[in-house]
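Asks: Going by full-length UniProt numbering, the first residue of the sequence shown is number 1, and it counts up by one from there.
Because the hints were derived from the structure by calculation, they are not lab data. There could be a bad hint or two in this list.
Label-pair distances were calculated between CB atoms; the ranges are [to be verified]:
#1 GLU198 - GLY143: 19 to 29 Å
#2 GLU10 - MET96: 27 to 37 Å
#3 LYS102 - GLY123: 36 to 46 Å
#4 HIS80 - VAL131: 23 to 33 Å
#5 ASN211 - ALA98: 49 to 59 Å
No more than 20 Å apart at the CA atoms, straight line, and that leaves these computed lysine to aspartate or glutamate pairs for EDC-like [to be verified]:
#6 LYS154 - ASP165
#7 LYS102 - GLU150
#8 LYS176 - GLU138
#9 LYS64 - GLU74
Note that the structure is predicted; figures quoted are calculated from it, not measured. For each residue, glycine too, the CB sits at the ideal point set by N, CA and C.
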Amino acid sequence: MINKIMTADEAVAGVKDGMTIMVGGFLGTGSPEVIMDALVRKGVKHLTVIGNDGGLPVGTYGAKTARGIGKLLEAGMVDHIIASHVGMNPLIGDGMVAGTLKCTLVPQGTLAEKIRAAAYGLGGVLTPTGVGTPVQEELDELGREKKVVELEGKKYLFEMPLRADYAFIRPTVADKFGNYYCSKTTKNFNYVMAGAAEHTIIAPEKIVEINEIDPDYFAVAGVLVDAIVEGEKRWQI
1 MINKIMTADE
11 AVAGVKDGMT
21 IMVGGFLGTG
31 SPEVIMDALV
41 RKGVKHLTVI
51 GNDGGLPVGT
61 YGAKTARGIG
71 KLLEAGMVDH
81 IIASHVGMNP
91 LIGDGMVAGT
101 LKCTLVPQGT
111 LAEKIRAAAY
121 GLGGVLTPTG
131 VGTPVQEELD
141 ELGREKKVVE
151 LEGKKYLFEM
161 PLRADYAFIR
171 PTVADKFGNY
181 YCSKTTKNFN
191 YVMAGAAEHT
201 IIAPEKIVEI
211 NEIDPDYFAV
221 AGVLVDAIVE
231 GEKRWQI
């Protein structure tokens, strides 16, 4: 069996300037902090980042450091963020006003399904969200035109899949092959992002031996996982 376990620095070695990455988490809950720290050390620039939000800035809930995508924003590594909710991180608004950061807002359900479509090899998804609003006329987050499709008298927007070069995910428990599950609210985008990128990297809170626990516990198959990073700590907020 291929050894997938590596350090965070080894796992992000292939990330280059200008790449598109996905980061799991919901306002820092379920974000792979050990990987975010490694990306900051690597110092890549001009990233397009796909996630639910912009993470959290330092000081939120008494945190001594930023959380999740907030670490990348703090380090000035992001040119474009594609997210659903950005109001908790003022760095995004500051960057938009200064002209140094592009922010594309996508409805949360639409964002999840566009990512899922990429993971499952679908050509896109149909959603009524945005029909009859300015969203219908706008280009999508990658500059692609949206189409309106009518089925049985109801109109839908055809939204195309959203893929990335890397997906960074934080499971609660994973085995050494990469089968994993996420506990409670940490599930968020950490399930749909698996397989939606060329490389899927996970940073589990706990790593177990293969067959150490009942495989029925796992929600995502390890065949989708390229690397497993050690050293992720329990969420501290």
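Asks: Next, verify each hint and record whether it holds.
Replies: Going down the list of hints, with the structure as the test:
At about 20 Å, the beta-carbon gap between GLU198 and GLY143 stays in the expected band of 19 to 29 Å. At about 34 Å, the CB distance of GLU10 to MET96 agrees with the hint of 27 to 37 Å. Evaluation of the 36 to 46 Å hint for LYS102 and GLY123 yields a failure: the beta carbon distance comes to about 26 Å. With their beta carbons about 25 Å apart, HIS80 and VAL131 fall inside the hinted range of 23 to 33 Å.
Roughly 53 Å separates the CB atoms of ASN211 and ALA98, a value that falls within the hinted 49 to 59 Å. A distance of roughly 35 Å separates the Cα atoms of LYS154 and ASP165; the hinted pair therefore is violated under the 20 Å criterion. Proposed proximity of LYS102 and GLU150 is contradicted: the alpha carbons are some 32 Å apart, above 20 Å. For the proposed pair LYS176 and GLU138, the alpha carbon gap of about 44 Å is over 20 Å, so the pair is violated.
Pair hint LYS64 plus GLU74 holds up; C-alpha atoms about 13 Å apart against a cutoff of 20 Å.
Violation of the numbered hints given earlier is confined to hints 3, 6, 7, 8; the remaining hints are satisfied by the structure.
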